[in-house]
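Next come the chains, spelled out residue by residue.
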Amino acid sequence: MTKLAEAIRRVHDLELELAAAFAAVADRHPDEPDVFHLGHTFAKEATRHASRLHPFCETGKGAGARAASNGSGPGPSAGSSLLDDLCDLFVLTQRCWIEETAVRQAALAKRDRELLDAVEASLAETAAQAKWERTRIKTTAPQALTSSLRPVETPRPGVRGQL
Amino acid sequence: VENCDTLFLVGHNVAETETVLWMRILDRLEGPHPPKLVVVDPRSTVPATHADVHLALRNGTNLALLNALLHELIENDWIDRPWIDEHTVGFDELKSVVTDYPPERAAEICGVTAEDIRAAARLLGESEALLSTVLQGVYQSNQATASACQVNNINLVRGMIGSPGAGVLQMNGQPTAQNTRETGADGDLPAFRNWQNKAHVEDLARVWNVDPLKIPHHSPPTPAMQIFRYAEEGSIRLLWIAGTNPAVSLRQLGRIRSILARDDLFVVVQDCFLTETAALADVVLPAAIWGEKTGTFTNADRTVHLSMKAVEPPGEARSDMEIFLDYARRMGFEDKDGEPLIKWSTPEEAFDAWNACSKGRPCDYSGLSYDKLRGGSGIPWPCTEDVPDGTERLYVDGRFPTDPDYCEDYGHDLRTGATNDEKEYRALNPAGRAILKAAHFQPPHEAPGGEYPLSYTTGRTVYQFHTRTKTARAPELNAAAPDAWIELSPLDASRLGIEEGDWVAIESRRGRIEARARLTGIREGVVFAPFHYGYWDMDASGPNGHSRAANELTVTEWDPVSKQPVYKVAAVKMEKIAAADEPSPAPTATASAPTESQ
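Here the protein sequences line up with chains A and B, keeping their order.
Numbering of the first sequence is given in my numbering, commencing with residue 1 and proceeding in unit increments.
Numbering of the second sequence is given in my numbering, commencing with residue 1 and proceeding in unit increments.
Hint data in this document are derived by calculation from the structure and do not stem from the laboratory.
Careful, some of the hints might be misleading.
[Said to hold, decoys possible] Derived pair list, reagent style EDC-like, types lysine to aspartate or glutamate, alpha-carbon separation capped at 20 Å:
#1 B:Lys-563 with A:Asp-84
#2 B:Lys-198 with B:Asp-405
#3 A:Lys-138 with B:Asp-421
[To be verified] Non-contacting residues of chain A with respect to chain B, defined by C-beta distances greater than 10 Å in every case (computed):
#4 Ala-23
#5 Arg-28
#6 Glu-120
Note that the Cβ used here is the ideal one computed from N, Cα and C, for glycine as well.
Work out the full structure, taking the sequences as your base and the hints as a guide.
If you want it as structure tokens, here you go:
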């Protein structure tokens, strides 16, 4: 596999990981309707981003999603709040965005219009996902971190633990 | 209204929500040179029966229709390109979005004909003075803010704003909603100050003589729905509800009642009457009603009116202002010099303090006083030293309050509600030009189908106000609409074996209500229930064997930008439960008129 093919494969797998994380967070917070609905919308979006890259992924080599990541950073411990989930999502989305950016620059350098179109369509949506996460973190943090009363926690593993 | 040649009512049943405005419209419609009228509403409202084109669309599809209308305006060059170039930003993006909405596509989404969409676009496109109005059929439906923006855009691309007969009325749902928007009672900072603008926060701190850190500017305002969610989670333990009745007016009532009834939530309710919400409170503070207190009201057209106290409030009731002032005094709120934070005590002093607070902002009241408001029929803001008689018309010079240092907000992503920051807004460089924002249609999250085949919407009747706390005590009004009903089309009725007056039940994934059926000119596949009816006059705070509040069925969901709950889209099923024992209690005039009389 060429280095660019590896990078495309990495973005592809990251998008699938992100899609699964969005869906997991959405399902963990059914009582937050915006998180629930947008989470599923974004999950579909990220899956679509991955599909766009199919034509550029070399077949036969490590077909299908790469072995699911167990996450490299410290995942939330016992039970994780909406704020924790949103912060994890943000990091994953940013990772996805910057790797998409790298592929976009390579596509530009190679004058590969088809790859460029595929990545640029996804980049804008990934940026919009991160922007929403940032806003939702800002609105959630004051209540979550300053209330002396502990909100009800869902005693389930965090985003990464589900993958 | 008096000067327009075309009226465009979007989700706005003005005959039942603003009767005085409707009288003025009727004078035009029944007089010489009547304006053309385009109405967008799934119900056969009274304005719809006067319309040249009535677009009875599927509820929840406003944005697709409006995008198609914009598509036609651009396609047929019914736009004012020089005006757009000079006074707006974002036209290219708008154009690229609405390109995807030819009338045929919107017709399929909205369930209206492409011919009707073209006919409506032609009326809007060929008008010379277009007045557009918007109310809850937009604000409380799917993609509310995105749709409201497209109505603005229709007037903007035609350059029809700021001249006689041309403009947009983004109406309010309540008489004082304009004031809550202006003063910050919706959670925003007072006088359209921008929470992300440091200078605005410092200016407000100067007006109130407090440290800027005392001014909440840590995040966008927390909407009511989110506050209830925090209470449900247990991270809010004191909820003070003044002058509203969420146990009937909010969505998914079973959930609201269970939150209000929580042992770990202390609920204070301040109201003129013992409402369903008050019945669930730990403490009830009796409040004075209009006529028992002095204050001002501002109309949606910015006209400020003075309303004087006529009688003393009964018993221990006090005005809302007196209650809040007493609370502030007992809490010992101080400014940064250790003086009392609130330095005024009468309504007139409060008004003067507000005038000072609003100085230099879009809603500038600084030239107003109680003395000036006495006698006449109101003065529209901005009213300043320079314009002492107020301002009849805004945007006459095609300049808009979008300068980054002046604007009230840096805006949002219409789809997700994500907030723009200052850098993004400055990059847009609006500099006094209007911002044309566009968005693609997305279907409602709960679309009818399968087990729940009908589309549900809620709304008002002219005879009742809000949750009937006042109007049900006016015998004539109550007699005209004494009990809940459910509207459906004759086609759906015959399919379900339902006749006028039959007892029917409708059920969503969240609840069930029972009422008598009224067959009206409503769109096939859509059912309507008035939201006014709760349980207080049955001596209950919730259904006690008889469930009739429309919001038992509504979804817990809100617009990503405005945070308005979605009251106009849900999926339901319907069945007959008993044959008619008497006629439906629905009004026989208005949008609820039986089909025969239409």
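Is the Cα-Cα distance between Lys-198 (chain B) and Asp-405 (chain B) 20 Å or less?
With Cα atoms ~10 Å apart, Lys-198 (chain B) and Asp-405 (chain B) stay inside 20 Å; holds.
Reported absence of Glu-120 (chain A) from the contact zone with chain B (all CB gaps over 10 Å)
15 Å, holds
Taking C-beta pairs only, is Arg-28 (chain A) more than 10 Å away from all of chain B?
14 Å, holds
Can you confirm whether the C-alpha distance between Lys-138 (chain A) and Asp-421 (chain B) stays at or below 20 Å?
Since the Cα atoms of Lys-138 (chain A) and Asp-421 (chain B) sit roughly 12 Å apart, the hinted pair holds (cutoff 20 Å).
Next pair to validate is Lys-563 (chain B) with Asp-84 (chain A); report whether the Cα-Cα distance is within 20 Å.
Violated - the C-alpha atoms of Asp-84 (chain A) and Lys-563 (chain B) are around 23 Å apart, more than 20 Å.
Distance rule for Ala-23 (chain A), whose beta carbon must clear each one in chain B by more than 10 Å:
Holds, since 15 Å exceeds 10 Å.
Of the numbered hints given earlier, the model fails hint 1 alone.
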